[in-house]
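K.L.:
Below are the chains, spelled out letter by letter.
Protein chains: 2
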Amino acid sequence: MKKQKIKIGLFGFGVVGRGLYELLGRVPEANAEIAIVCVRNVERHRTTTPELQFTADPNEVLDAPGIDLIVELIDDAEAAYTIVTGALRRRLPVVTGNKKMLAAHLPELIELQKEMDTALLYDASACGSIPVIRNLEEYYDNDLQISVKGILNGSSNFILSKIFNDHMSHADALKLARELGFLESDPTLDLDGWDSLYKLVILTLHAFGVYINPERIFTYGITHMTDADIRFALEKGRRYKLIGHAEKTPDGRLILAVIPQLISRNKFIYSCEDEFNGVVIKGLFYGKQFLVGRGAGGHPTSSAVLSDISAIRYDYFYRYKRMHSAELPEFSNDISFRVYVRYNTDDDLDLLRFEEIYERYYSDDNRYVVGKVNLRRLHAIREVMAERKIFIAAYPDD
Amino acid sequence: MKKQKIKIGLFGFGVVGRGLYELLGRVPEANAEIAIVCVRNVERHRTTTPELQFTADPNEVLDAPGIDLIVELIDDAEAAYTIVTGALRRRLPVVTGNKKMLAAHLPELIELQKEMDTALLYDASACGSIPVIRNLEEYYDNDLQISVKGILNGSSNFILSKIFNDHMSHADALKLARELGFLESDPTLDLDGWDSLYKLVILTLHAFGVYINPERIFTYGITHMTDADIRFALEKGRRYKLIGHAEKTPDGRLILAVIPQLISRNKFIYSCEDEFNGVVIKGLFYGKQFLVGRGAGGHPTSSAVLSDISAIRYDYFYRYKRMHSAELPEFSNDISFRVYVRYNTDDDLDLLRFEEIYERYYSDDNRYVVGKVNLRRLHAIREVMAERKIFIAAYPDD
Chain A
347 MKKQKIKIGL FGFGVVGRGL YELLGRVPEA NAEIAIVCVR NVERHRTTTP ELQFTADPNE
407 VLDAPGIDLI VELIDDAEAA YTIVTGALRR RLPVVTGNKK MLAAHLPELI ELQKEMDTAL
467 LYDASACGSI PVIRNLEEYY DNDLQISVKG ILNGSSNFIL SKIFNDHMSH ADALKLAREL
527 GFLESDPTLD LDGWDSLYKL VILTLHAFGV YINPERIFTY GITHMTDADI RFALEKGRRY
587 KLIGHAEKTP DGRLILAVIP QLISRNKFIY SCEDEFNGVV IKGLFYGKQF LVGRGAGGHP
647 TSSAVLSDIS AIRYDYFYRY KRMHSAELPE FSNDISFRVY VRYNTDDDLD LLRFEEIYER
707 YYSDDNRYVV GKVNLRRLHA IREVMAERKI FIAAYPDD
Chain B
347 MKKQKIKIGL FGFGVVGRGL YELLGRVPEA NAEIAIVCVR NVERHRTTTP ELQFTADPNE
407 VLDAPGIDLI VELIDDAEAA YTIVTGALRR RLPVVTGNKK MLAAHLPELI ELQKEMDTAL
467 LYDASACGSI PVIRNLEEYY DNDLQISVKG ILNGSSNFIL SKIFNDHMSH ADALKLAREL
527 GFLESDPTLD LDGWDSLYKL VILTLHAFGV YINPERIFTY GITHMTDADI RFALEKGRRY
587 KLIGHAEKTP DGRLILAVIP QLISRNKFIY SCEDEFNGVV IKGLFYGKQF LVGRGAGGHP
647 TSSAVLSDIS AIRYDYFYRY KRMHSAELPE FSNDISFRVY VRYNTDDDLD LLRFEEIYER
707 YYSDDNRYVV GKVNLRRLHA IREVMAERKI FIAAYPDD
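Residue numbers (this note's numbering), protein chains in the order written: chain A, 347 to 744; chain B, 347 to 744.
Hints are computed from structural coordinates only; laboratory data are not their basis.
Treat the numbers as computed from the prediction; the structure is a model and nothing was measured.
Hints are supplied without guarantee of correctness; some may be wrong.
You can't tell identical chains apart in this list, so a pair holds if it fits in one copy or across any two.
Unchecked claim - Below, computed lysine-lysine pairings styled on DSS-like, alpha-carbon distance capped at 25 Å:
#	residue 1	residue 2
1	K594	K634
2	K460	K353
3	K718	K613
4	K667	K349
5	K634	K613
6	K628	K594
Based on the provided sequences and hints, a complete structural model is requested.
P.N.:
What follows is the structure, encoded as structure tokens:
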């Protein structure tokens with residue numbers, strides 16, 4: 347444990363970076379300070395925060411004398427990768443929130459941590475303020491893990507909440523989310539499920555000990571949801587939630603997907619609203635756990651970053667204990683499940699290769715089917731489904 | 347970190363002890379085994395579990411050669427205290443779930459840990475499977491803590507759920523809880539709020555860094571709740587939940603209470619049902635967090651115990667960081683708040699010394715008031731209120 351003040355080399359000074367700066371000022375017990383910040387536009391930040399030292403040169407931060415750790419909070423995944431690996435190679439511990447970078451490079455980053463004997467912490471990368479990674483690592487690691495699933499993206503949940511609680515149209519809800527700054531500059535990251543996917547890959551590694559390349563996982567969002575789909579959910583007394591889902595089958599296979607789901611009222615996740623994230627973790631012995639917290643925003647995320655900074659002071663590092671389990675589950679897309687599909691032409695229906703059809707409805711302006719499809723098939727036709735603006739949601743029996 | 351198999355000296359072989367034994371058999375990665383068990387009735391256990399070594403002599407466990415740690419899972423708080431201090435003095439780490447013992451002896455047990463440089467972990471003592479203590483210690487310790495509150499007792503929550511969801515009468519719900527083994531042998535522990543109180547004392551120490559003697563905290567349960575009270579809640583679209591509440595006021599005082607509360611539908615806790623516990627933790631930066639999990643039962647609790655055992659393998663100990671904060675909040679009962687009170691005679695009403703009365707109702711068989719009372723006054727008259735079978739619930743504006 348380091349007793350003196352921790353000196354932070356910071357990359358990025360957006361809402362989370364500024365939130366961290368504010369938080370450090372409010373909590374003297376944290377005993378940490380920002381020594382130097384790398385930003386693209388040095389002049390602008392020098393004007394608003396003249397008391398901080400800024401640079402545009404990454405190496406000036408990485409090689410700054412007396413720096414204890416690096417906090418990486420920039421958007422660009424490839425630049426983040428260069429920074430994080432550069433820091434670890436200098437044996438500088440790193441705290442990052444960059445889920446896209448982590449989802450792409452985790453195996454190699456785990457190796458690098460080991461090689462350099464230097465910690466990389468990233469609880470802020472999945473579900474903002476909810477300590478879900480830390481709990482999977484430290485608390486739920488001695489049980490037989492069954493599943494991890496939940497609302498991993500705050501922006502899409504905000505939009506769905508506005509639709510189902512405040513009866514806004516899909517278009518108006520999207521507009522409001524944009525106005526409140528809840529959407530990424532590229533909104534498809536949130537709405538098409540990619541942001542949830544990156545988080546799911548990270549959580550899966552900590553929950554089940556295996557890394558699954560994001561490209562292997564079926565990912566479908568709420569972009570093509572129409573008023574007819576919303577009406578269907580309301581008629582059934584359910585709500586759509588965009589769910590990241592990782593589950594071990596009884597025969598030891600690991601099923602992963604990001605897909606809207608028709609959630610019934612008796613589920614924990616039904617009441618997880620607005621920009622909140624909610625994760626349900628199931629183990630054989632501890633049963634069902636539900637963790638809820640703000641999934642985005644400068645203050646909640648910076649609080650998670652500070653918890654990781656503080657953990658590094660106490661020499662904490664992820665042990666990835668699950669990766670050393672005797673039996674690791676094997677990834678599989680070979681599972682059939684009940685879905686609701688709203689389609690446009692009979693061709694669309696053929697495309698999905700339904701194994702069973704339980705309900706079928708068509709009128710002049712609306713066509714849907716409730717039936718059973720295979721996840722492997724969905725994964726193969728994802729892009730065509732999106733082009734044809736088909737909407738699909740998992741529709742469990744309960 | 348200890349690499350070889352951990353040898354456990356176990357006290358108590360009830361549902362949690364047996365759950366732990368089962369769990370260790372299912373999770374070889376835990377790399378731990380029960381070496382010897384102290385029980386009152388050796389013969390009975392020898393018959394059902396002949397493969398384990400039993401003794402009735404506590405010292406035979408504490409002094410057993412090669413024991414790495416003690417797990418204490420007995421009911422009797424005083425006997426537990428003797429075991430836990432005996433183990434710590436022998437520099438044997440201890441995992442315990444005994445909330446009553448902890449609530450009474452925490453300051454001294456913290457000193458003893460320090461003196462002996464030996465860990466005492468007890469996450470199973472508060473909210474069963476929910477890692478609330480660990481998260482307060484390790485994750486929420488760098489923010490400005492505002493409040494910790496929630497449903498800390500599974501049995502009373504089960505009864506309230508049956509009343510408000512399944513429309514059972516109070517008496518029938520109580521009977522069902524008893525049949526299912528959800529009530530302690532002395533049900534007043536659950537129903538009058540004492541069990542919640544002990545947990546609240548433990549959580550408060552970890553969340554705010556101060557130990558408050560249980561006797562100083564107003565504690566009132568659901569024993570005197572009648573059908574008229576239930577009707578009142580339903581008319582207002584609310585549900586009673588028995589809430590343990592710790593909150594820092596803006597002027598830095600710490601307010602604590604265990605009291606039924608009329609919860610409105612928009613609150614997380616409204617949907618926390620059956621034997622589940624739910625805790626809402628608020629910090630200035632991370633905002634609101636909600637943790638839900640099973641609060642009782644052999645399997646969930648033994649899973650929490652095993653997490654603590656595993657943490658001891660990695661030399662984990664509570665640092666009680668909040669106790670070293672620059673400014674500790676001062677305990678106070680001097681706060682007035684809105685309550686619903688169902689009473690019997692005008693004398694009852696005088697007793698409570700209402701500061702304001704907002705609503706007053708009386709008929710031949712039912713009398714209630716909605717008004718403002720002071721917590722200090724309630725604390726002073728608690729026993730008289732119970733004798734007179736008065737029912738009280740906090741009734742916040744929202």
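K.L.:
Please write out, lowest number first, the hints stated earlier that are contradicted by the structure.
P.N.:
none
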